[in-house]
Each structure stands twice: as C-alpha cells, then as structure tokens.
Amino acid sequence: MSTTLLLILCLNGLQYGMLLFLISAGLTLVFGVMGFINLAHGVQYMVGAYLLFAFTGLTGNFMLSVLLSLLCALAFGLLLEFFVFRHLYTRSHLDQVLATFGIIIFLNELAKVVFGPTTLSIALPEFLAGSIQLTEQLKYPIYRLVTIGVGLLVAIGLFITVSYTRIGMLIRAGATTPEMVSALGVNIQRLFMIVFGVGAMLAGFAGVIAAPIYAVEPGMGDNMLIVAFVVIIIGGIGSVGGAFIAALLVGLIDTLGRSLATEILSFVFNPSFANQIGPALASMLIYVLMAAILIFRPRGLLPAKGVA
Amino acid sequence: MSTLEILHLNKKFGAINVSNDICISIADNECHAVIGPNGAGKTTLIHQISGMLKPDSGAIKLSGQDITNMGVPQRVQAGLGRTFQITSVLPSFSVLENLAIAAQSKSGSSMRFFANAARESTLNSAASNALERVGLEDRADVIAAELSHGERRLLELGIALAGKPQFLLLDEPMAGLGRVESAALVSLLLELRRSMPMLLVEHDMNAIFKLADVVSVLVDGKIVVSGSPEAVRADPAARAAYLGEGSQ
Amino acid sequence: MDRSLILGLLIFLTLLAMPFALPLIGQGYLTGLIIKAMLLAIAAISLDLLIGHGGLVSLGHAAFVALGAYAAAIALQSGIENILVLLLITLALTGFVALITGSLALRTTGVYFLMITLAFGQMAYFTLTSLAAYGGDDGLTLWSLATLFGSNVVQKGNGLYFIVLGTLLASWWFVNRMSQSRFGRVLRAARDNPERTEVMGYSVTRYRLVAYVIAAMIAGVSGLLVMQHAEFVSPALAAWQRSGDLIVVVVLGGLATRNGAILGAFFLVIVEELLGSFIHEWRLIYGPLLVFMVLFAKGGLSDLLTSKRRGNQVA
Numbered sequence: 032m033s034t035t036l037l038l039i040l041c042l043n044g045l046q047y048g049m050l051l052f053l054i055s056a057g058l059t060l061v062f063g064v065m066g067f068i069n070l071a072h073g074v075q076y077m078v079g080a081y082l083l084f085a086f087t088g089l090t091g092n093f094m095l096s097v098l099l100s101l102l103c104a105l106a107f108g109l110l111l112e113f114f115v116f117r118h119l120y121t122r123s124h125l126d127q128v129l130a131t132f133g134i135i136i137f138l139n140e141l142a143k144v145v146f147g148p149t150t151l152s153i154a155l156p157e158f159l160a161g162s163i164q165l166t167e168q169l170k171y172p173i174y175r176l177v178t179i180g181v182g183l184l185v186a187i188g189l190f191i192t193v194s195y196t197r198i199g200m201l202i203r204a205g206a207t208t209p210e211m212v213s214a215l216g217v218n219i220q221r222l223f224m225i226v227f228g229v230g231a232m233l234a235g236f237a238g239v240i241a242a243p244i245y246a247v248e249p250g251m252g253d254n255m256l257i258v259a260f261v262v263i264i265i266g267g268i269g270s271v272g273g274a275f276i277a278a279l280l281v282g283l284i285d286t287l288g289r290s291l292a293t294e295i296l297s298f299v300f301n302p303s304f305a306n307q308i309g310p311a312l313a314s315m316l317i318y319v320l321m322a323a324i325l326i327f328r329p330r331g332l333l334p335a336k337g338v339a
Numbered sequence: 082m083s084t085l086e087i088l089h090l091n092k093k094f095g096a097i098n099v100s101n102d103i104c105i106s107i108a109d110n111e112c113h114a115v116i117g118p119n120g121a122g123k124t125t126l127i128h129q130i131s132g133m134l135k136p137d138s139g140a141i142k143l144s145g146q147d148i149t150n151m152g153v154p155q156r157v158q159a160g161l162g163r164t165f166q167i168t169s170v171l172p173s174f175s176v177l178e179n180l181a182i183a184a185q186s187k188s189g190s191s192m193r194f195f196a197n198a199a200r201e202s203t204l205n206s207a208a209s210n211a212l213e214r215v216g217l218e219d220r221a222d223v224i225a226a227e228l229s230h231g232e233r234r235l236l237e238l239g240i241a242l243a244g245k246p247q248f249l250l251l252d253e254p255m256a257g258l259g260r261v262e263s264a265a266l267v268s269l270l271l272e273l274r275r276s277m278p279m280l281l282v283e284h285d286m287n288a289i290f291k292l293a294d295v296v297s298v299l300v301d302g303k304i305v306v307s308g309s310p311e312a313v314r315a316d317p318a319a320r321a322a323y324l325g326e327g328s329q
Numbered sequence: 027m028d029r030s031l032i033l034g035l036l037i038f039l040t041l042l043a044m045p046f047a048l049p050l051i052g053q054g055y056l057t058g059l060i061i062k063a064m065l066l067a068i069a070a071i072s073l074d075l076l077i078g079h080g081g082l083v084s085l086g087h088a089a090f091v092a093l094g095a096y097a098a099a100i101a102l103q104s105g106i107e108n109i110l111v112l113l114l115i116t117l118a119l120t121g122f123v124a125l126i127t128g129s130l131a132l133r134t135t136g137v138y139f140l141m142i143t144l145a146f147g148q149m150a151y152f153t154l155t156s157l158a159a160y161g162g163d164d165g166l167t168l169w170s171l172a173t174l175f176g177s178n179v180v181q182k183g184n185g186l187y188f189i190v191l192g193t194l195l196a197s198w199w200f201v202n203r204m205s206q207s208r209f210g211r212v213l214r215a216a217r218d219n220p221e222r223t224e225v226m227g228y229s230v231t232r233y234r235l236v237a238y239v240i241a242a243m244i245a246g247v248s249g250l251l252v253m254q255h256a257e258f259v260s261p262a263l264a265a266w267q268r269s270g271d272l273i274v275v276v277v278l279g280g281l282a283t284r285n286g287a288i289l290g291a292f293f294l295v296i297v298e299e300l301l302g303s304f305i306h307e308w309r310l311i312y313g314p315l316l317v318f319m320v321l322f323a324k325g326g327l328s329d330l331l332t333s334k335r336r337g338n339q340v341a
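Protein chains in written order, with my numbering: chain A, 32 to 339; chain B, 82 to 329; chain C, 27 to 341.
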C-alpha cells in the first residue's frame, strides 16, 4: 500500500475525528456538568444539516447559510432546554432516556415529512469545492482540510474557555462537584442553559459541516450519537480534552479500519473470508476499543474527577 | 485465642502513611476501641478490615483464617459483620426483610429461583431473632426508608447481627444519636459484648469507657498508645494527641 | 389473592379466548396484532428483570432478540427444523453471548452500563449486517419454518398463537416467581444499595450476571418466535431504537410490577395501530406523547406507576 493512500486515510480520519469532537464536546459537557443523558444530541446534529440545506436553498449563499444555521441551531437548543430538558435535570436517568428518545422519534419523523425520506446533498461554493496539491502525488479536497482547521480552532477555543475563564471554571467545578457550584450561589440554571446551548450549537455546527460531505437524511444523527457516546466514554465523561483525544482516536481507527481491515485480514485468511468479515470487524473496532478502555480504565483516558 | 488479628498493616496514599505498622489483636469476648483525631486513619483502617481497601503490606486474620486477600462478601461469609458510619440499609425493604436477607446470606445458596423467600421459616425466625435483639419488634413491617434515624441505626446493627458474625466491626455506631438513644444503644452493646468480640471506632468517650476493654489511640496512621481505658486516659501522650482535641 | 394476580389471570384468560372470540365478531385478523404484542411483552418482561428488579438500565437488549432470531434462522437454514432443538440452540447462543458481554458490562454501573450495553448492541447489529450468506443488510426471508416433530402446527394460525401465549405465560410466571425467590431478593437488594448488599455477604456482580444471562435467554426465545411469526429476520431487529422501544414498554407499564411489561406492550402496539390508522406519520404524535408523559407525571412516570401499584408489589 502506498504512503499516499495512507496519508489520505489519515487525513480523512482526522477530518472525521474533528466532526466527532464537535458533537462529543457538547455531549460530554452536558453529561458531565448536569449529569443529564441526552439521547437527542444526535438529532441536533441532523437539525444542523437540514438547516444548512434549507438556508442554502433560500439564500443561495453558502457562508451566510452557515451563519444562519448556527444561530438557529443555538436557538433550537435553547428552546429544547427551556421547554423540555430543564424539567428533567433532577429526574432519573431512565426518565431522561425516555423523554429524549421521544424527541428523537419526533424529529426524525418530522425531517422525513418536511424534506422527504430520500438523501439530500448540498453543493459547495466554488472556493471550497476544489482540491489542493499537497505532495506530488496527493491532491486533497480543500473542504476537508477546512473542516480539520475549523475543528482545531473550535477545540482551541473551547480549551481556553474551559481552562482560563470564569465560566470555564464553573463548568469544571460543575463536572467534578456539582453540589459545590450551587452552594457557591452560582446561578446554576443559567450555567446549564449556556452549556446546553453551546453544546447544541456545536452539534448543529458538526451537522452543518458534515452536510456537504455526507448524506443528509432522516436518522443521520442516530449513528453519530452512538459514536459520540463511544468517544465520551473513551475520553472520560465531562472532559473536553479527553473528548478531543478520543474523537481523533476513534476517527482515525474507524477510517483506517474500514479501509484496511479486509486487506490486513487477507494476509492471514483466504480473501473471500476476509472480504466477508473485514467490514464487520471494521465497524466493530471502535466498540471493541471502548470495551477495552472500560475494562482497563473504567473512567476513560482523561477522566474529569468525581463524575458518577 | 484471638478472634481478629491485625499484623503490621501498612497503607500509603501517595506519600502519606495512613496506616503505619498497625498491630491489633482482639481476644474472644473483648471489645477493642480505636480512637483518634479526624484524619488519623480510622476510616482507612476500617476499610482495610472490611475489605474495601487493600493494605500495601501486612495481614488480617479472622479466627486464625487469613482474610487479607478476600473481597468484601467473602469476609462477611468468613464471619465478619460490620455497621456503617453513615446508615446503610435497604430503603425499599421492610425492616423484617432487611434482616431476613442478611440472614439468608449465611443460610445456604441464594441461587434459588422458585421458592418464595418470604415464606422460609428459618430465615424469618433468624430475622425475628435479630429484630428482638435490637428491640424493633413493633416496627417489623415498616419500610426502612420510613424509620427514624435512631431506628435505622438499630436496624443497621440488626442487619450485622442477623448475619451471625463471629466478629463485629462498628464504625461510629453513636453517630447522630441523641443522649437517650445513645444510652439505649450502649446498653444494647453492653449485652452483646459478652457474646461477641468487637472493634469499635467511636468519638463518644462516655460510650468508650463503658464498653471498651482495650483502647488504642491512632494518630497519623500510627497507634501511639494502647491499654485499658483508665491507663489511656492517664497517658500523657494520648492526652496530648487526642484528648487535647476536646472531645471528652 | 392479591389484585395484580387476579389482573394477570384475567389478562391470560382474555388472551386464551381471543382466537375463538375474534372470528365470531369478524375480527380474526387481529390475532396477528396480538401475537405481535405478546412477542414484545416477552422481551419486555425479560428487560424488566434487569431494569425493574436489578436497576440495570440496558440500552442493548434488542440485540438478544435479534441473536435469538438469527440463531434459529441459521440453524433452520442448515436443516434443523425441530422447534425444541432450535430453542436449545437459541438459549445456548444468547446465554453464552450474555455471559461474555455481561461479565464485561457489569464491571461498570449506571450510565456507563447503559452505554456499554448500547455498544455491545451495535456490535451485534454490525455482525448481523456482515452475514452476507444470510442476507447481510437486507435480512433473510425464510422459505421453511420450524416444526414440532415434523408437524407444522407451530407455524401459523392458532398453533403459533398458543405457542407464543404459552411462552408469554411461562416467562411471566417464571420472572414473577423469581422476583419473590431468594435470588430475586438479592437482586432487588443490590438495586437498592449495592454496597450494603456486598457487606451482607453477597457478590453483587455474580447475581447481576445471572440475571443478565437469564434476561438475554428469555429475549432470545422471543426472537425465535419473532422469526417464526414474521418468516423473516433482519439486522433491524438489533437496532438500538428497538432497545429504546423495549425501555418505553417497561417504563410505561410500570417497573418491577407483575403485569407491567404485558400492559406496556399492548399499550404500545395499540397506540401504534390507532395512531397509525389516523395518520401515516404517527411518530409525530408518539414522540411528543412520550415527552409529555415523562414531563407531566410528577416524579417521573415510572415512579407514578410503581407507587400506584406498590401495594401489589412483590412482598
């Protein structure tokens, strides 16, 4: 196998990892700070993608649509928080699972009704659509590189916010000792709302970014939700740094696995057998990784202390 | 012969010696009290005896059997009973059922799937027995969550007794009790003391002087003095280390 | 005799009478719907053993239904037709898989357990999609079905109906018996206060693992019957949304109650059917319905239902 192919795969893995990070960052904070299991986090990703589709159709301007989509994703997250999630923070995990499951069912069906059950695609504007010559043999799509860059920027921004600002301090404190934060007299309701809104916006942002590359379809968030769960467990619930490392790890392993599993297996087994189990094994890799992490480091790679 | 033997127990958390060469030997029918200021390592000691923490080195023997490497349930099966500093009962079970399930663990296999456990007379009579010993007869059918704090402390002790232990580990049994309730519990423990060896961690000095045959003073993970209550009370080192804290 | 037992017996008598009563009023086609609800109820009863009695919220339980269905379907394809032999194969496979995954998953608790069971469920899903010889993504249509010693009485109509009903009765009886047994008591104690249960001398994980394996095996049996009823198996049986549906059934019916899982299953199937007959997009109503039921049942729907029935709960 050529180095060029390997490089492409690594870049693809990195790009997928960044996308996963955008989704997981919000999920891990919402769970870490509020102890809230939000199964509906995945549909917020889907909402982002459909918003972009709708706005590009309306305005014809890609960058403007991205901006509008982000604002709407934020507003949508805040609305959900206000009407539903706010009332569930003190409930059992089972209630949270049930209610957020209901939201998934509703939004997936709504997407189907409004936009139809078929796969939609969004055209990239010219300045993002081309490829760039990285090495002599390697041309790589600009948009994927931009995705990696944007993911890095968001990661840095989040890292600075969580590490050095007052609200970041509250978030960290909330993830480790929630009683203390409320004992300090902090307006915990507002903190939750901010964390939730930002989390929803990031998930929506991931959907916006993903829309031109992947298929936009009802239920597209469900699988991403599960992979995001895998990421936050590997990274350690409540830990943004952990989510970042785990997202890249999962992105790389999944991408490399899917492309290489069959090839590697055919060294050992006969090709038809390798062809048969290769893809299945590749889809399972990240779950195997997660199970292994849970066995050897039950609280993830970089746990935020004290999260149950 | 001693029932519980703790031999050269060591445990470090980072650089801090929370258990520093602790040796305690408790004879049949002896009540041994461990006192010490907060942070002296009493809780860590209890956790190591009950099996929630593993010591770095040293050994723990119960009736001659080495239990150092056993898990929590195995130690209980080997004859260790304990109560918790913070009351720990089964909140949605009735008082009687709390005691019956404690008795069940010592009465044959619990991998039985068909017979109705509530109708097993051996379990029920063992539970009633424990119920009487802690004086909760008229509360038998009350759900544990609805008991008063004092009653729950008694139930806690009853659960330990229903498991027919050879040795009792009591972690601050008087915690949170009023004067009257404390006195009642002390007289209950006085009765028990004759039939069962115990290790008692407690702050209530009055209770300790009534109950303990031997008192050990734990400071910074080390036993500084050990002897009869009177001797310890008179010991200058103990006074300086502990009684000086004003807990008397 | 307590009221929940009477209710349970009434339910079963009604179900017993249905295949005879429905054709009389010209609604014979409804038996198919009842079979569907009963199959859902069997899986839900097994999940309630975990969630209700064990306090272990699994989000991957549907995987065992799917494994049971596939084990039977694959054995059937390779020529094993006797339903009793298929039953043994199903029990062995689901039990074995549950033993392995359970001993890993039970190293964790709470939300970690929820997520690791979800992950195992996904692994099962992807495994099934990779079985190219058995239809892969598209699933497998069965051209022959299981027989009872060569007789096709268990394939269609009332024969199948009574096999499903019998299985439902057996699972209902078994789980209720078990909840009052020594084992069930320890399981509930571990749900209430695992630390105290350990200090009573029980290895909590061992009891939970046994419950996990039993629950998986019952779910597997429901899978075998799902195959027999649908004459088709597909990886969608293992989709995590199916596990979500099972949780909905268990919680709506009432956790750790005698008849909760059956009531919940019939409720869900009826709601689906009723809403579905009004509008095709019934999920637009069903989704918010779930949210409202959780929000406006004070202290959680599960609490509401269980406290209502607490008087009837196992002693």
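I should point out that these hints are in silico values taken from the structure, not numbers from a laboratory. Remember, predicted model here, so these are calculated numbers, not experimental data. Some hints here could point you the wrong way.
As a list, the in silico SDA-like pairs of lysine to any residue whose alpha-carbon atoms are at most 25 Å apart [said to hold, decoys possible]:
{"#": "1", "chain 1": "A", "residue 1": "K143", "chain 2": "C", "residue 2": "R232"}
{"#": "2", "chain 1": "A", "residue 1": "K143", "chain 2": "C", "residue 2": "L130"}
{"#": "3", "chain 1": "B", "residue 1": "K291", "chain 2": "B", "residue 2": "I107"}
{"#": "4", "chain 1": "B", "residue 1": "K135", "chain 2": "C", "residue 2": "G302"}
{"#": "5", "chain 1": "A", "residue 1": "K143", "chain 2": "C", "residue 2": "A265"}
{"#": "6", "chain 1": "B", "residue 1": "K245", "chain 2": "C", "residue 2": "A265"}
{"#": "7", "chain 1": "B", "residue 1": "K245", "chain 2": "B", "residue 2": "R260"}
{"#": "8", "chain 1": "B", "residue 1": "K135", "chain 2": "A", "residue 2": "K143"}
{"#": "9", "chain 1": "A", "residue 1": "K170", "chain 2": "C", "residue 2": "S104"}
{"#": "10", "chain 1": "B", "residue 1": "K245", "chain 2": "B", "residue 2": "F94"}
Verification of the supplied hints:
Taken as a hint, the A/K143 and C/R232 pair is broken in the structure, with Cα atoms around 45 Å apart against an allowance of 25 Å. Straight-line distance between C-alpha atoms of A/K143 and C/L130 comes to about 38 Å, which puts the hinted pair past the 25 Å bound. A threshold of 25 Å between alpha carbons decides the hint, and for B/K291 with B/I107 the separation of about 17 Å falls inside it, so the pair holds. Taking the CA atoms of B/K135 and C/G302, the gap is near 59 Å; set against the 25 Å cutoff, the hint is violated.
As the CA atoms of A/K143 and C/A265 are separated by approximately 19 Å, the hinted pair is consistent with the 25 Å bound. Simply put, B/K245 and C/A265 have alpha-carbon atoms about 49 Å apart, too far for the 25 Å limit, and the pair is violated. For the given pair, B/K245 sits about 29 Å from B/R260 by alpha-carbon distance, which is inconsistent with the 25 Å threshold. Between the alpha carbons of B/K135 and A/K143 the distance comes to roughly 57 Å, so the proposed pair goes past 25 Å and is violated.
Between A/K170 and C/S104, the direct Cα distance comes to roughly 50 Å. Violation of the 25 Å bound is thereby established for this hinted pair. Distance restraint check for B/K245 and B/F94: the Cα-Cα separation of roughly 34 Å exceeds the 25 Å cut-off, and the hinted pair is therefore not satisfied.
Comparing the model with each earlier hint shows violations of hints 1, 2, 4, 6, 7, 8, 9 and 10; every other hint is respected.
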